[in-house]
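K.L.:
In order, the protein sequence lines correspond to chains L and Z.
Per my numbering, the very first residue in the first sequence carries number 1; after that it's consecutive.
Per my numbering, the very first residue in the second sequence carries number 1001; after that it's consecutive.
Keep in mind that the hints were calculated from the coordinates and are not lab data.
Treat the numbers as computed from the prediction; the structure is a model and nothing was measured.
Careful: at least some of the hints might be erroneous.
[Unchecked claim] List of simulated lysine-lysine pairs, BS3-like, C-alpha gap at most 27 Å: (1) Z:1097 with L:6; (2) Z:1145 with L:24; (3) Z:1110 with L:6; (4) Z:1039 with L:24; (5) Z:1039 with Z:1097.
As a plain string of letters, each chain reads:
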Amino acid sequence: MSATPKMVSATITTDFNDAGSDRKFAAGEAHEFTAGEFANYRAAGLVEASVEKPVTDAPSPPAKPKRPRAPRAAKAKS
Amino acid sequence: MGSQTAAGSALAISAATPSTLDATGYAALTFTEINQVEKLGSFGASFAKVEFQPLKGAKQKYKGSADYGALQPSIAIDSLDAGQTILQTASDDETQKLYSFRVTYQDGAKRYFQGRSFGSPETADGADSMLMATPTIEICTKVIKVAAA
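When you get a sec, could you build the whole thing from the sequences and use the hints?
P.N.:
Have a look at this one:
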């Protein structure tokens, strides 16, 4: 039984092709690579690890109510 | 397979190093193929010749230090190719980092080794020729030969 390879989420930083797998990648796309593929592509500056936003269970605090603005005092004309 | 042509041979590179310098160690690595290779050239170990000429008798010859040789492929430059980009990174690398290489022959036989690229000069020849790169990959470990399955 073979273990499932560990996958790494990555963002493509520049267009490139992989001749071995015949795949094409475009800058800005998100892809999942095996750890080995990712290490090779990252060494060449072709990808960077995707940064995922931390997920929290706590709801975000409610926004503060806006205080009504006092009308500006009219400037006295000289 | 007995004799075979060079057609279908491939060169691949990995930024990783194997845990063991044998077929199992190299097979565990992920390699990225280098596209547009025209020729691989010759590679393999050779030994320095140590000679001694005694006053009496024939010249004696001994095997000295091993030199694992160098690979000098000629490659049509493809700036979009991942394998070529990794090889260029290896050429620009100013550290002593070793990169792993795999040569695959037509019948599936493999040659594994580690090396350092000592530069990748580009050649812009006549109008009817491709822009070529001719990197020099100095082989720093024994070449591991794996027969076709």
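K.L.:
If a hint holds in the structure, say so; if it doesn't, say that too.
P.N.:
Cross-check of the supplied hints:
1. Z:1097 with L:6: 25 Å, holds
2. Z:1145 with L:24: 31 Å, violated
3. Z:1110 with L:6: Distance of about 26 Å is within 27 Å: holds.
4. Z:1039 with L:24: 25 Å, holds
5. Z:1039 with Z:1097: Given pair residue 1039 of chain Z, residue 1097 of chain Z holds - Cα atoms ~25 Å apart, limit 27 Å.
When held up to the earlier numbered hints, the structure conflicts with hint 2 and nothing else.
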